[in-house]
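A.B. asks: Now for the letters of each chain:
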Amino acid sequence: MSSADLRDLYQQVIMDHNKKPRNFREMLDANHLAHGNNPLCGDALVVFVKMDGDVIEDVSFQGSGCAISMASASLMTESIKGKTLAEAEAIYQQVHKQMTSEDADPALLGKLEVLGGVREFPARVKCATLSWHTMHTAMENDHDISVTTE
Amino acid sequence: MAAFDIEAIRKDFPILDQLIYDKPLAYLDNAASSQKPVQVIEAIDHYYRKDNANVHRGVHRLSQRATDAYEASRTKVRDFINAKSDKEIVFVRGATEAINLVAQSFVRPQTKAGDEILISHMEHHANIVPWQMLCEQTGAKLRVIPMTEQGELDLTGIDDLLTEQTKILAIGQVSNALGTINPVKMLTEKAHAKNIPVLIDGAQAVPHLSVDVQDLDCDFYVFSGHKMFAPTGIGALYGKQALLEEMPPWQGGGDMILSVSFEHTQYNELPYKFEAGTPHIAGAIGLGAAIDYMQSIGVEKLAKHEHDLLDYATDKLSNMAGVRLIGTAQHKASVLSFLIEGVHPHDVGTIFDQQGVAIRTGHHCAQPVMQFFGIPATARASFAFYNTMDEVDALAAAVVKVQELFA
Ligand SMILES: Cc1ncc(COP(=O)(O)O)c(C=O)c1O
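Line order of the protein sequences matches chains R and V. Heads up: the first sequence begins at 1 in the working numbering, then just goes up one per residue. Heads up: the second sequence begins at 1 in the working numbering, then just goes up one per residue.
Since the hints were made in silico from the structure, they are not lab data. Just to be clear, a hint being listed does not mean it is correct.
[To be verified] Simulated crosslink set (DSS-like; lysine-lysine; CA at most 25 Å straight-line): (1) 84(V) <-> 190(V); (2) 111(R) <-> 19(R); (3) 401(V) <-> 126(R); (4) 19(R) <-> 401(V); (5) 185(V) <-> 304(V); (6) 401(V) <-> 20(R); (7) 83(R) <-> 97(R); (8) 190(V) <-> 112(V); (9) 11(V) <-> 190(V).
[What the hints assert, rightly or not] Which residues of chain R face chain V? A partial, calculated answer using Cβ under 10 Å: (10) 38; (11) 39; (12) 40; (13) 41; (14) 44; (15) 67; (16) 70; (17) 78; (18) 82.
On a predicted model such as this, the values are computed, not experimentally measured, just so you know. Backbone N, C-alpha and C define an ideal beta-carbon position, used for all residues, glycine too.
All chains should be modelled from the sequences, with the hints used to inform the complete structure.
C.D. replies: This is how it looks when you write it as structure tokens:
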């Protein structure tokens, strides 16, 4: 592998979201929340969700971690905000799929395709999935719960 | 003795000669685990091809040869750290197991609620968690020698930390996260003045310094083979004979007994009392071969070369904009922990790997050290005697690469 592939991992979109994470804030009126940790590298984040019936009215996160985990969290919030639970679930499944295999649906992924760069970097897949797992857990529970990926 | 011939030495380590992503491998993760010379690999190979059998129990020829080789390694370890007797050398899985053994077999029986265990802020989790478990079991309290911004022990309050209640001082000789060499001899003297026994965690010291347990006068000394060019799964516990004699066995089983009946079991003599079950015979033989190898070059010479590497690397990185060194103690060995401004260490590790530079990123099993500096992790380069100045240059070039990518 040449270092051109580093550019696949650290694409412009990733660098941009790492530098300026979207929806990076605490949400005081969240009705779903979960903590995510990757003890191996110390990535730690909180995902806040505000559901209005079946619709994700607002989603945000806070935390610290590597560029991949920060950008992934930022992209995650951007992509599911305003979606229904079922739509968010479908996106979650596709994101998961593209990190481990090639055959994800590009139409559903859109911009999230940049996260596929981790496929060639197995040690980094956990960085990219942390916020998604955390979001998923937050949706399933209406109380604070911790997710650990390692 | 011949001059230090780095080319010849590198030929002894076949793994070093490979490309990673088309770039020459620069293996700078020696504090996590070191590479093995052919002399070690061949000793293990020879054992399995010619001598393999169980030890201490067969009258047949192979068992005799296996036993002889296993015990010869014990003598090499004794000589390597200058213990008085082979009886003082117990083979274990590694530093972690040795510390647990001392905690449970030596300290626990004499510890009660209100007693204290003294460690330092820069210990590896292996020298923290076994003591926390002991504290939970006994109601003892864990106390911690603090640290300075440079990553040196802050000894201003040491006389108050060593108390009547202190059951043991357990301290690392060299910090794996910071590289600091601690003044363990002086600390041992201070502890002994108050009749407090001392365990030294030498996991990061034995690959880099010559160690003399009689000169240090410590009561226990522990290390792992895999960080000093020997296999994983083997290490040694040194304990003063008088203390080991008094200690109950840690694990029960075969090999650690003289006689067993359902009414009474008589334990074996030292060191076998602490070696229940079939040991890692090949590992012990490999450890002996690693010691032979280090001594054939000369531990002082290895140390000198490593010191030159560390000096060169420290100088180089400390002069780079946006690089912050973590751990700037006056006396250091092998380890260079650093941060690149604005880039998480995990990203640093991935980009370095793409340049063929293998380093460790993370908390290095020393989370209290990270908490002290208020950081989640560091990038850590750690050197062995087979590393070269060129590899340090590759390290510095990788830093530039990271900075370019994240510019
Ligand atoms: C200072 C120190 N102590 C103890 C250990 C534990 O060694 P092992 O995992 O071989 O038992 C390590 C390993 O990283 C270490 O660096």
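A.B. asks: Evaluate each hint against the coordinates.
C.D. replies: Cross-check of the supplied hints:
Only pairs whose Cα atoms come within 25 Å are accepted, and residue 84(V) paired with residue 190(V) is accepted, the gap being roughly 23 Å. For the hint pairing residue 111(R) with residue 19(R), the CA-to-CA distance comes to about 17 Å; that is within 25 Å, so the pair holds. Proposed proximity of residue 401(V) and residue 126(R) is supported: the alpha carbons are some 24 Å apart, at most 25 Å. For the proposed pair residue 19(R) and residue 401(V), the alpha carbon gap of about 18 Å is at most 25 Å, so the pair holds.
With a C-alpha separation of about 21 Å, the suggested pairing of residue 185(V) with residue 304(V) holds against the 25 Å cut-off. Our distance criterion of 25 Å between C-alpha atoms is met by residue 401(V) and residue 20(R), whose separation comes to about 22 Å. Between the alpha carbons of residue 83(R) and residue 97(R) the distance comes to roughly 20 Å, so the proposed pair stays at or under 25 Å and holds. For the hint linking residue 190(V) to residue 112(V), the alpha-carbon distance of about 23 Å falls within 25 Å, and the restraint holds.
About 45 Å separates the Cα atoms of residue 11(V) and residue 190(V), which puts this hinted pair outside 25 Å; it is violated. Residue-level restraint check for residue 38(R) holds (minimum Cβ-Cβ distance to chain V is 9 Å; threshold 10 Å). Annotation: residue 39(R) was flagged as interfacial toward chain V, and the flag holds, the nearest CB pair being 9 Å apart, inside 10 Å. Annotation: residue 40(R) was flagged as interfacial toward chain V, and the flag holds, the nearest CB pair being 6 Å apart, inside 10 Å.
Below 10 Å, beta-carbon pairs count as interface contacts, and residue 41(R) has one with chain V at about 5 Å; its hint therefore holds. For the restraint placing residue 44(R) at the interface with chain V, the shortest Cβ-Cβ distance is roughly 8 Å, inside the 10 Å limit, so the hint holds. Of the supplied interface hints, the one on residue 67(R) holds, with its beta-carbon coming within about 5 Å of a beta-carbon of chain V, less than 10 Å. Among the interface hints, the one on residue 70(R) holds; its C-beta lies about 8 Å from the nearest C-beta in chain V, closer than the 10 Å criterion.
Annotation: residue 78(R) was flagged as interfacial toward chain V, and the flag is violated, the nearest CB pair being 21 Å apart, outside 10 Å. Evaluation of the residue 82(R) hint against chain V yields a violated restraint, the C-beta minimum of about 30 Å exceeding 10 Å.
The structure does not agree with the numbered hints 9, 17, 18 stated previously, though it agrees with the rest.
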